[in-house]
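Asker: Sequence:
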Amino acid sequence: MGDLGKAQKKHAAARGWLTRAVNQLKDITKSATVKIEQALEFYNTHMEKVNEAQEEVELFINNDNLAAEIEEAGKIDDKARKAKLAAMLKAKELEKAAKKTDDDEESVSSASSRNRAHVRLQKSNYQSLVVM
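For the sequence shown, numbering that gives the first Met the number 0 gives the first residue as 0, with consecutive numbering after it.
Everything labelled a hint here was simulated from the structure, so no lab data went into it.
Mixed in with the good hints, there may be bad ones.
Listed next, with one range per pair, are the computed distances between beta-carbon atoms [claimed, not checked]:
#1 Ala67 x Lys5: 17 to 23 Å
#2 Lys74 x Phe41: 17 to 23 Å
#3 Asn62 x Gly4: 17 to 23 Å
In silico DSS-like pairs for lysine-lysine, Cα to Cα no more than 30 Å straight-line [as the list claims (entries may be wrong)]:
#4 Lys81 x Lys48
#5 Lys81 x Lys25
#6 Lys95 x Lys8
#7 Lys25 x Lys95
Glycine is no exception: its CB is placed at the ideal position from the N, C-alpha and C atoms.
Please work from the sequences and hints to get the whole structure.
Answerer: Structure (structure tokens):
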């Protein structure tokens, strides 16, 4: 197998892993239970490998086929970056929702503490009235 064949095989494998990473990112946008940070790291690792393999393939392709190869690589890159962007937006959305939930819980907890203090104050005022 020549250098071009090896480079193309490496490139095909890297694209396959990137496809898995993109699919994982797409699944994340449908579910809040998947750890987005880990999926983005997985994506970044494999996107880097695809880019390295793409550069290697481009070294061996003749000028007549280079434009078509670059066009195809651009399509794959665009699709992958859209999936990453969607996952990042979902992560931001989940982060905001979690912060809002935390703020709401803190507000309810604070209000509950104030109500308990108010009840204790009323009870102690009542007891002092009874003692008199």
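Asker: Under the constraints set out in the numbered hints, which ones does this structure not fulfil?
Answerer: 6
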